[in-house]
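Enquirer: Here the protein sequences line up with chains A and B, keeping their order. Here numbering that gives the first Met the number 0 is used: the first residue of the first sequence is 0, the next is one more, and so on. Here numbering that gives the first Met the number 0 is used: the first residue of the second sequence is 0, the next is one more, and so on.
FYI, nobody ran anything at the bench for these hints, they're computed from the structure. Among the hints, erroneous ones may be present.
Here are the simulated DSS-like pairs of lysine-lysine, each with C-alpha atoms no more than 30 angstroms apart in a straight line [as the list claims (entries may be wrong)]:
| hint | chain 1 | residue 1 | chain 2 | residue 2 |
| --- | --- | --- | --- | --- |
| 1 | B | K39 | A | K63 |
| 2 | B | K89 | B | K11 |
| 3 | B | K33 | A | K221 |
| 4 | A | K290 | B | K1 |
| 5 | B | K89 | A | K221 |
| 6 | A | K338 | B | K8 |
| 7 | A | K219 | A | K336 |
| 8 | B | K39 | A | K338 |
| 9 | B | K39 | A | K336 |
| 10 | A | K338 | A | K290 |
| 11 | A | K219 | A | K338 |
| 12 | A | K290 | B | K8 |
| 13 | A | K391 | A | K63 |
| 14 | B | K89 | A | K336 |
| 15 | B | K89 | A | K63 |
| 16 | A | K221 | B | K8 |
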Amino acid sequence: MKPIKNLAVACSAVVATMLPAVVLAQDSPLDTGDTAWMLTATALVLMMTVPGLSLFYAGMVRSKNVLSVMMQCFAITGLMTVLWTLIGYSIAFDTTGMEAGTVNFNSFFGGMGKAFLAGVTLEAYTGTIPEPVFVTFQMTFAIITPALIVGAFAERMKFSAMLVFMTAWLLLVYAPIAHMVWSGDGGLMWDWGVLDFAGGTVVHINAGIAGLVACLVLGKRKGYPSTAMPPNNLGYTIIGAALLWVGWFGFNAGSAVAANETAGMAMLVTQIATGTAALGWMFSEWVAHGKPSVLGIASGAVAGLVAITPASGTAGPMGALLIGVAAGVGCYLASTKLKRALGYDDSLDVFGVHAVGGIIGAILTGLCAGTLGGAGLAEGVTLGGQIFTQFKGVLFTVVYTGILSYVILKVIDVVIGLRVTEEQESQGLDLALHDERGYIL
Amino acid sequence: MKLITAIIKPFKLEDVRQALGEAGVQGLTVTEVKGFGRQKGHTELYRGAEYSVDFVPKTKIEAAVADALVEQVIEAIIGVAATGSIGDGKVFVTDLSQAVRIRTGETGDQAL
């Protein structure tokens, strides 16, 4: 009897554990195809920062600072993960108090309803995917955006000051801008009708302007521009750019938050714009200087990726070609001629590539949604009206991130200081701040 | 004894080594060096920032030879290291007062 009784108990236990699962499967909005794609996309976007951006930047600095840049990207990845878990996600995506067409505090700043990831459980969903996947997907965006800024102040910022700056910047700049653009009805720029599919304003203009402000507040590197500061290993840089290119399919096609038609078109237009912009920069340099360069073609690819980002959910293939050409040529001019003319020391051209590419992309998103085979505009919106809305979104983001970034940096400068000492800067941050060297050959 | 010091284009090293071997040189020392002569340097361009690189990579060969071999060795180097273009390098000859083979204690021409 005993064995049979045990069997019965075992069977009922199996049935008991299966029952909720069966009920769940009927009620749950889960789509396994969407979920599988978003799990993949999330991993791709994380790959963009570590190792992609990390290598892209590390190759461009001098050999004495190669580790410091990799360290900053890695530390930001850890720091943003923790901040996003604690309150970042809630500031960006909690919808408490939001109402379509109403501007209130929650149009700018999400509530604390999802602080400490409250409610993000096995039974929570965002659309057709588990909310934990959505939280992680958005977390990888919150990681790469601050990490982009590293390029602007590379080779001269204190590591401690960098951590404090990034903490404040995520909570006061990134998460609120993401909230205004992406959180849905009641979000400031969402209600304006700003088109930003994967983060032209939220990620690239935001980081690019913060980078420009940071390099202006910190000041030029010692010896810039009279001393030679050649990249230490452009092999790293082109590997990094290649990883960014591949990872960007997760960034743009993943922003559909589904495995659907929009994701498919996002993948295509991303590829078209990137290839075009890589050639755009390469040929611009070839014409201006007489030779095409590795750093140029890699930079052009990144410029194209940046510019297609806001448009990737709405542009058609011909729009992508236009955006690619504009970004390749425009970012080339900004990172070479404009930078020389104005004399700011944006070490690795965060402004020239991300802000300029982001702005070109944001404006052309309006044009390419309404024409050139784009997905079309919302009912009652004219092409001119959409482009004006895009301008408004760009302008607001530039002003908001410009002012906030400036204030945060100034406060940190007064309290703990932003810059390493002149001696540390000459010695190189690898040895001065980390007691390590990148190359012991 | 003379010390022959030749500064040559790096890609000519293997040809020079072979020619010196055929000329009877028993050993030589090679160093990677940088410098400039009439060739001067070159410029590099990174995102519009142009840098001039004033020192050009070269290879320095040093060989100690008996007096009788000097002319032959110089001819051998010139014969293979010349490309006819600027930057082919130079050969210097200096007097060598003594040489000692550490293993055996032999001196002078015996040590070469």
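Enquirer: Next step is simple, just say for each hint if it's right about the structure.
Expert: Quick rundown of the hints versus the structure:
Between K39(B) and K63(A), the direct Cα distance comes to roughly 27 angstroms. Compliance with the 30 angstroms bound is thereby established for this hinted pair. Between K89(B) and K11(B), the direct Cα distance comes to roughly 13 angstroms. Compliance with the 30 angstroms bound is thereby established for this hinted pair. Under the criterion of a C-alpha separation no larger than 30 angstroms, the hint pairing K33(B) with K221(A) is consistent with the structure, at around 26 angstroms. Simply put, K290(A) and K1(B) have alpha-carbon atoms about 46 angstroms apart, too far for the 30 angstroms limit, and the pair is violated.
Among the hinted pairs, K89(B) with K221(A) is inconsistent with the structure: their alpha-carbon atoms are about 38 angstroms apart, more than 30 angstroms. Of the pairs offered as hints, the one joining K338(A) and K8(B) is violated, with about 38 angstroms between alpha carbons and a cut-off of 30 angstroms exceeded. With a C-alpha separation of about 17 angstroms, the suggested pairing of K219(A) with K336(A) holds against the 30 angstroms cut-off. Taking the CA atoms of K39(B) and K338(A), the gap is near 29 angstroms; set against the 30 angstroms cutoff, the hint holds.
Pair hint K39(B) plus K336(A) holds up; C-alpha atoms about 27 angstroms apart against a cutoff of 30 angstroms. Straight-line distance between C-alpha atoms of K338(A) and K290(A) comes to about 20 angstroms, which keeps the hinted pair within the 30 angstroms bound. Of the pairs offered as hints, the one joining K219(A) and K338(A) holds, with about 12 angstroms between alpha carbons and a cut-off of 30 angstroms not exceeded. With a CA separation close to 24 angstroms, the supplied pair K290(A) and K8(B) stays within the 30 angstroms bound.
For the suggested pair K391(A) and K63(A), the alpha carbons sit about 42 angstroms apart, so the restraint of at most 30 angstroms is broken. For a cut-off of 30 angstroms, the pair hint linking K89(B) to K336(A) is broken: about 41 angstroms separates their Cα positions. Of the pairs offered as hints, the one joining K89(B) and K63(A) is violated, with about 34 angstroms between alpha carbons and a cut-off of 30 angstroms exceeded. The hinted pair formed by K221(A) and K8(B) fails the criterion: a straight-line CA distance of about 35 angstroms is larger than 30 angstroms.
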